[in-house]
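Residue numbers (our numbering), protein chains in the order written: chain A, 8 to 506; chain B, 319 to 623.
Misleading hints may appear alongside valid ones.
As the list claims (entries may be wrong) - Some but not every residue of chain B turned toward chain A, in silico, with C-beta under 7 Å:
id	residue
1	Gly562
2	Asp581
3	Val585
Claimed, not checked - Computed footprint of chain B on chain A, listed as stretches where at least three residues anywhere in the stretch have a Cβ under 8 Å from a Cβ of chain B:
id	segment
4	295-305
5	387-400
These are calculated hints, taken from the structure and not from any lab test.
Keep in mind that this is a model prediction, so the values were computed, not measured.
All C-beta atoms in this analysis are idealised placements derived from N, C-alpha and C, irrespective of residue type, glycine included.
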Amino acid sequence: MTRRVALGLAIVALAVAPAAAAPSGEVKIGLAAEPNTFDPHLTVGRNSQIFIVNVYDGLTARDAQGNLVPALAESWKRLTPTTWQFALRKGVKFHNGDDFNAESVKFTLDRATNPETKATISSELGTIASTEIVDSFTVNVITRTPDFLLPVRLGELFGLMLSPKHTNAVGKEAIATRPNGTGPFKLVTWSKNDQMVLESNESYWRGAPKVKKITVRPILEDAARIAALQAGEVDLITPIPYARIGELKRNDKLVIKTIAAPRVFHVTIDVRKPPFDNVKVRQALNYGVDVNAIVKSLYFGYGTRLATVVDKGALGYDPSVPPYPFDPNKAKALLAEAGFPNGFETEFDSFTGSIADHAKPAEAIVGYLQKVGVKVKQNVFEFAAFGPRRVQNRTAPLFIYSIGNAYLEPSWVIRWLTQGGLGMHYKNARLDEMLTRIEATDDRIKRAQQYSDVQKLIKDEAPFIFLFQADAVFGMSNRIDYTPRPDETQWLYPLALRG
Amino acid sequence: MTGRVEQWGSASVSRTLPSFGLTRLARLARRSALATVGGVIVGLVIVAALAAPLLATTDPIDQDLTVVLKPPFWLEDGSLRHPLGTDHLGRDVYSRLIYGARISLTISALAALIGAAVGVAAGLVAGYLGGRMDAVIMRIVDLNLAFPLILLSLAVVALLGANLRNLVIVMAITTWMIYARVVRGLSLALREQEFVHAIRALGAHDARIIARHVLPNVFAPVVVIWTLEVARVILMESALSFLGLGVPPPTPTWGRMLAEGRDYLTVAGWISIFPGIAIMVTVLGINFLGDGLRDLLDPRLRGQM
Chain A
8 MTRRVALGLA
18 IVALAVAPAA
28 AAPSGEVKIG
38 LAAEPNTFDP
48 HLTVGRNSQI
58 FIVNVYDGLT
68 ARDAQGNLVP
78 ALAESWKRLT
88 PTTWQFALRK
98 GVKFHNGDDF
108 NAESVKFTLD
118 RATNPETKAT
128 ISSELGTIAS
138 TEIVDSFTVN
148 VITRTPDFLL
158 PVRLGELFGL
168 MLSPKHTNAV
178 GKEAIATRPN
188 GTGPFKLVTW
198 SKNDQMVLES
208 NESYWRGAPK
218 VKKITVRPIL
228 EDAARIAALQ
238 AGEVDLITPI
248 PYARIGELKR
258 NDKLVIKTIA
268 APRVFHVTID
278 VRKPPFDNVK
288 VRQALNYGVD
298 VNAIVKSLYF
308 GYGTRLATVV
318 DKGALGYDPS
328 VPPYPFDPNK
338 AKALLAEAGF
348 PNGFETEFDS
358 FTGSIADHAK
368 PAEAIVGYLQ
378 KVGVKVKQNV
388 FEFAAFGPRR
398 VQNRTAPLFI
408 YSIGNAYLEP
418 SWVIRWLTQG
428 GLGMHYKNAR
438 LDEMLTRIEA
448 TDDRIKRAQQ
458 YSDVQKLIKD
468 EAPFIFLFQA
478 DAVFGMSNRI
488 DYTPRPDETQ
498 WLYPLALRG
Chain B
319 MTGRVEQWGS
329 ASVSRTLPSF
339 GLTRLARLAR
349 RSALATVGGV
359 IVGLVIVAAL
369 AAPLLATTDP
379 IDQDLTVVLK
389 PPFWLEDGSL
399 RHPLGTDHLG
409 RDVYSRLIYG
419 ARISLTISAL
429 AALIGAAVGV
439 AAGLVAGYLG
449 GRMDAVIMRI
459 VDLNLAFPLI
469 LLSLAVVALL
479 GANLRNLVIV
489 MAITTWMIYA
499 RVVRGLSLAL
509 REQEFVHAIR
519 ALGAHDARII
529 ARHVLPNVFA
539 PVVVIWTLEV
549 ARVILMESAL
559 SFLGLGVPPP
569 TPTWGRMLAE
579 GRDYLTVAGW
589 ISIFPGIAIM
599 VTVLGINFLG
609 DGLRDLLDPR
619 LRGQM
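My request is simple: use the sequences and hints to build the entire structure.
Listed below in structure tokens is the structure:
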């Protein structure tokens with residue numbers, strides 16, 4: 008990790024040096040999906056949210072290491088437990104020349120929280136009660152309950168700022184394809200499922216991007232995307248199947264970069280249903296699965312075994328909490344202690360067609376469970392069919408899932424995983440209390456320390472089979488320079504041409 | 319009197335449906351080398367499927383993540399322990415191939431059989447009764463034919479969930495129309511045959527005439543269609559498995575193996591290549607056999623034999 012960060016820093020340093028030059032050249036990109044819309048309030052799926060940030064800015068942002076940094080807000084502070092004050096950056100203009108100011112922020116947040124907008128991201132901004140303009144470049148955001156995460160929420164995924172004048176003028180439908188942000192790139196043309204052209208915003212407040220034109224093509228099939236990179240039709244692609252990395256690394260015209268993504272894979276256990284109400288059974292399942300072998304053979308080592316559902320890039324990740332070791336005998340012994348010397352029968356839901364491959368690891372996990380005597384029937388759904396099963400709480404007692412820790416904050420992930428719905432039914436009063444205390448702590452360092460106990464508690468309680476986080480893989484031609492971000496965001500600003 | 323009529327009926331049966339005697343098979347074999355090849359291939363696949371527990375060297379779903387992506391024995395790093403190599407979960411490709419034959423063949427044969435039963439029944443009723451019944455059934459057939467079959471299967475499997483029973487149903491839905499079409503045409507002609515008129519004049523019920531006199535006469539073409547449809551359904555099962563809508567894992571089927579190997583084509587091609595060959599050879603074999611059967615059963619070609 009440290010080596011990767013060091014490498015990343017070196018590349019950033021190299022890339023930053025000749026920044027004075029005007030934008031030039033073109034870079035072509037092949038992605039597995041394209042956004043469904045450029046309306047930041049109507050995005051569906053993380054695939055959209057991680058891309059449209061290239062046209063917009065949030066009040067806050069993340070740097071290459073994942074630290075929260077100022078963006079359209081220069082600073083922020085908590086005035087009262089439920090009031091956050093943001094001091095806005097001055098002199099920022101939208102692509103069409105409109106000024107960015109407090110009115111833009113109020114307009115955007117009012118639109119996002121207005122039920123008539125039917126915002127798909129409303130759950131992320133649900134704590135916002137109102138937004139007040141203090142002066143042209145200061146706003147107060149009032150939350151219903153204390154929300155320590157608000158500055159993170161108003162970042163690059165859910166806090167993208169709109170121009171009131173433009174948004175009202177073009178109307179709700181047209182904003183989807185005619186965005187007007189403050190971001191590093193302007194959307195020039197977009198023919199859906201074919202290609203999208205972005206052009207650099209030369210008056211960008213961070214300084215103009217180095218590349219003048221970016222063409223983005225959705226190439227759904229992995230093999231086709233890789234072939235396009237090999238043929239030089241595109242300069243940058245993501246994702247890449249792990250099995251192909253070795254082969255591509257041998258090609259000296261290509262550079263392959265991997266970075267730990269904050270997507271935490273886990274198997275949710277329905278703790279309400281016997282025998283899973285017995286903690287020994289849940290621990291047995293954790294002892295029974297060789298996660299290291301899965302990471303090594305299915306992910307070719309491009310992943311990290313996790314002790315809990317807290318990813319290693321998250322605040323307060325405690326490497327001293329060891330993962331469950333692979334010990335099938337211990338698993339069988341625990342099952343016997345729990346009264347199941349011959350195992351038991353159960354079902355396991357998995358799915359295809361989501362942002363990441365869940366079917367393959369699921370099959371391997373089921374294979375391991377069979378070996379310790381748990382007779383598992385595996386169901387495979389199309390992701391679109393699996394969604395309603397979760398909403399209606401009809402999932403099998405075991406199901407695989409992954410959650411992208413967009414906020415890099417364990418409390419957000421754990422709250423989500425213990426929400427009592429969507430098939431997740433684990434509740435623990437002590438855990439809730441610990442999280443509430445953490446959430447009341449504004450100081451990051453102090454918050455980080457308290458997460459150790461949370462991770463120990465969750466590991467012992469084992470309401471999940473703890474798995475791993477998989478690396479994100481980017482392939483690029485050696486004519487470009489790009490450092491991927493550790494938070495899934497496809498942030499293209501640092502993109503540069505070599506030489 | 320009745321006896322004589324029955325004779326007519328059975329006479330017409332023997333005219334189009336010869337017995338499957340050994341001598342006739344031998345004659346067929348002499349006549350058509352292709353049909354023999356087809357028969358041998360299909361026979362071998364059936365034997366492999368039936369004797370899977372004896373032929374397989376390991377449990378087809380037993381994973382071992384310490385030996386993933388091992389190549390077949392004749393390549394470097396391969397071993398006879400896994401003669402055709404291992405897949406991404408360290409399962410034995412050879413054993414999965416053998417067991418896969420079971421699932422692929424069973425599903426296809428069953429689906430083709432159910433499709434045939436439904437299609438023949440519909441075709442008989444439509445053709446023999448005619449009139450409004452004919453119109454209604456044939457419009458349903460048209461409707462079904464006008465639907466893109468893969469899309470229909472995708473929709474049904476996505477809605478009902480993927481399991482063995484649903485797959486068989488879905489594939490039966492895509493195959494019954496062909497039988498209905500053919501059988502309707504044949505029974506339309508048979509209805510006007512003299513022997514049928516005679517039986518009707520004697521007061522036989524429609525149901526009895528259809529079952530005892532019309533059905534035997536459409537049997538031969540149905541058998542031929544059935545063999546060709548089995549081949550098509552095997553391909554379709556592969557396609558659905560490939561799209562992730564086949565029999566759920568870890569059950570091995572050829573289509574699923576093909577799909578699973580897709581991500582490893584450049585590093586471990588054997589995961590896909592062997593099931594691919596198996597599908598191709600089996601489908602080819604069934605098609606050869608179907609052609610041979612048509613020759614055997616077609617009365618116009620019989621004289622040449």
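field: Restraint outcome when B/Asp581 is required to lie within 7 Å of chain A by C-beta distance
entry: holds (5 Å)
message: Taking 8 Å as the Cβ threshold, is the statement that the segment 387-400 of chain A is covered by chain B upheld or broken by the three-residue rule?
response: holds (count 5)
message: Interface hint check: B/Gly562, Cβ to nearest Cβ on chain A, cutoff 7 Å. Holds or violated?
response: holds (4 Å)
field: Cβ contact check, 8 Å cutoff: the segment 295-305 of chain A against chain B, three residues minimum
entry: holds (count 6)
- request: With a cut-off of 7 Å on the beta carbons, see whether B/Val585 makes it to chain A.
  value: holds (5 Å)
In summary, this structure violates none of the numbered hints.
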